[in-house]
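Chain B: place on chain A using the hints.
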Amino acid sequence: MEKRVTFSKWSIGILFAVPQLLLIFTFFYWPAGQAVYWSLTLQQPWGGGNIWVGLENFRAILSSADYWNSITASLVFAGISTGLAMFIALVLAALTDRQLAGSRLYRVVLIWPYGIAAPALALAFRFILAPEAGFLSVINRMWPGIWDPGLDGADAMASIIIAFSWKYVGYNFIFFLAAFQAIPRSLIEAAAMDGSGVLRRFRDIQFPLITPTIFFLLVINITESFQDSFGIVDIMTAGGPANATNLMVYKIYSDGFKGLDYSGAAAQSIILMLLIIVLTIFQFRFIERRVHYG
Amino acid sequence: MSIIKHGLAAFAAGAIGIALASPAAAAPTKFDFWFGLSGDLARVVDTMCKNFNESQKDYEVVCTSQGNYDATLQNTIAAFRAGKQPTVVQVYDVGTATMMLSGAYKPADKLMEENGYKVDYNDYFPGIARYYATSKGEMLSFPFNSSTALLYWNKDAFAKIGKTEAPKTWEDVGADLQAMKDAGYECPMAINISANESWQLMEQFSAIHNQPIATKNNGYDGLDARLEVNKTKFVQYVTDLKKWYDAGLIKIKSKDLGQDMVQAFASGTCQIILTSVGDHGSVARTQKEGMHWDVAELPVYAGTERKNSLVGGASLWVLSGKSNAEYKGAAAFLNFIHDPKTALFWSTNTGYIPVTKSGFDYMKADGFYDKAPYKGREVAIASLTASEPTDITRGVRLGNFTQIRAEFGTQMQAIFANKVSVQEGLDTLVKNGDAILDRFQQTYPGKTLP
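These protein sequences, in sequence, are chains A and B.
The opening residue of the first sequence carries number 1 in the numbering used here; numbering runs sequentially from there.
The opening residue of the second sequence carries number 1 in the numbering used here; numbering runs sequentially from there.
This is chain A alone, in the form it adopts within the complex (with noise of 0.2 Å):
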């Protein structure tokens, strides 16, 4: 006798995804909703009375001149770092990708800075980086005050901006070095049998072939210039001097943390939240029509 327990399609979906979705609702939605209702009150810090306020957080933080800085420097940071960190990882990936002596030895010590945490990272730089009595001090005996990350706010951001591509050069490395190993060889061996050179089998066969993970690093890159760059701004330079380097998201933590404005950074969320998520949709609409996926 046949024993059979029937469920419809639409139950047992459910059942197996109720664990998960129960996740993704308690640690992404329940916070994320909690950062708008926050956003739209004044919160006092200990608990208590909070204010229904409206938009007035997002008027107040709209019309700082501060936060309005804050976007710019966001912006030319992760314009500058994204480009920088996947063009010379591209470089090396596609030279490690060549049969060269010794190219195994290559790919493991350019993969492993990604290994290395932020705050670590973000402290050897500051040495290596110091005016007085870092690398660079060699040059600022010769020309006095040239290099002051302390006070010059385009050497403080150049200062972060080569830490954090610095840290992203390991990852992306691994992801070029992938997608030219995924090419086939034999088409590689072909167009070199009919002569055409290495810069040439680059542009026309290795680059569009690489374009999928070219834009899929162009997607993680930008958005985590955005939010993983926390760490280094808050060791190298706590977002000076005179507000340099004070990025959207060091400025939510400085807010919210010490300065105790919960509704503030919360409103500063959400605008950062926004300013991703239409960033990935221009990414998407624009830049991935150039994308071939083969």
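Since the hints were made in silico from the structure, they are not lab data.
Please read these numbers as outputs of a predicted model, since none were measured by experiment.
It is possible that some hints are incorrect.
Unchecked claim - Cross-link-like lysine-lysine pairs, in silico, DSSO-like; alpha carbons within 27 Å at most: (1) B:K255 / A:K258; (2) B:K84 / A:K258; (3) B:K50 / B:K160; (4) B:K50 / B:K110; (5) B:K233 / B:K243; (6) B:K364 / B:K118; (7) A:K258 / B:K160; (8) B:K419 / A:K258; (9) B:K50 / B:K242; (10) B:K419 / B:K50; (11) B:K364 / A:K258; (12) B:K243 / A:K258; (13) B:K30 / B:K84; (14) B:K216 / A:K258.
Positioned in the frame of chain A, the structure of chain B alone reads:
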């Protein structure tokens, strides 16, 4: 006299404690104390906690460092919102206004009274007590680690320019810096312009010169106080510092540039610094071999009648929502800390100053200030007690003051990097600081400071 009084009070409290607890007095009542000091200082606090636990059998304090002052306040708020707050917490000076409006504390003076301790509040140095007291003089928290800013000067460098005394006026400082520069010193004076240095550059300067930082008597008289440092003598001070910086008489030294100003002074690189008396121990421990140095009160502008400087550091708050047994323990703990013997232990091992007159007298009688590494620290007491506190020099009572200090650091950096003029920078500081105060007032509608 007061030692006997404290002794009796402690004895009485102990007796009450034993009487109440004896039927089931097997395990001591545990309670938590969270503090913001770390490193060497945290070890001293731990020893102090151990001493308290060994001094009696009824209570056991569990002391936990939260790393720094900011983190202590953040963690305590998070814990409070979750109903798991410590019984006693150390909160830094600038958090005082925020604490007062939190509604999350048990007034320390009420706690002591309810538990049978008689504390003589007149025994606290007025400059210290009034920073933490309400406008009516009630002590909501007890001062714990206190300090004030001093001028550290290198006697050897001053000897080179024919001086045997520290400069008393800012005019003298200007002349001395130039003379030292002419005598070949690369860095006559070091300053730091980060947010936290607001404490000595803006707050101490303003107090000593009896200049307001904000209206409404620095905020004591209402949440509608607004900054006014862009039109006091402070403008001239920043202008002079900038002028000396441009002339190469002052160098900016901070940790992120490789060497902070205390190290720069101790190593003999820079000849004058202004910093907390709390650094006295560090300088003594790390100074260059054979270097002669001393401390003096902060200079004033010529013709100024010197007022008391401000206290810095932190105080101990007892939080609401704990059991009576824990409150008894907290009261015993505060009483232990208040004891002059504890003050001597604390000051010897840290560099912080005693907060009570009896503690100071006890230490003087003990010969503390005559001994080599501690000599000079009494200048801090002289500076704090230079005058009876005025309505302005009793302290600063502004909401979200941490954010205002951050704004101070930002504008100082803009000024010293030549992005804005001194006046523009200070105007922006006031404008942005006022927005912060405005927001604090909106968060607590209809409330007033106690």
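Quick rundown of the hints versus the structure:
no.: 1; hint: B:K255 / A:K258; in the structure: holds, 20 Å
no.: 2; hint: B:K84 / A:K258; in the structure: holds, 21 Å
no.: 3; hint: B:K50 / B:K160; in the structure: violated, 49 Å
no.: 4; hint: B:K50 / B:K110; in the structure: holds, 26 Å
no.: 5; hint: B:K233 / B:K243; in the structure: holds, 16 Å
no.: 6; hint: B:K364 / B:K118; in the structure: holds, 24 Å
no.: 7; hint: A:K258 / B:K160; in the structure: violated, 45 Å
no.: 8; hint: B:K419 / A:K258; in the structure: holds, 26 Å
no.: 9; hint: B:K50 / B:K242; in the structure: violated, 48 Å
no.: 10; hint: B:K419 / B:K50; in the structure: violated, 52 Å
no.: 11; hint: B:K364 / A:K258; in the structure: violated, 39 Å
no.: 12; hint: B:K243 / A:K258; in the structure: violated, 32 Å
no.: 13; hint: B:K30 / B:K84; in the structure: holds, 14 Å
no.: 14; hint: B:K216 / A:K258; in the structure: holds, 25 Å
The structure shown violates the earlier hints numbered 3, 7, 9, 10, 11 and 12.
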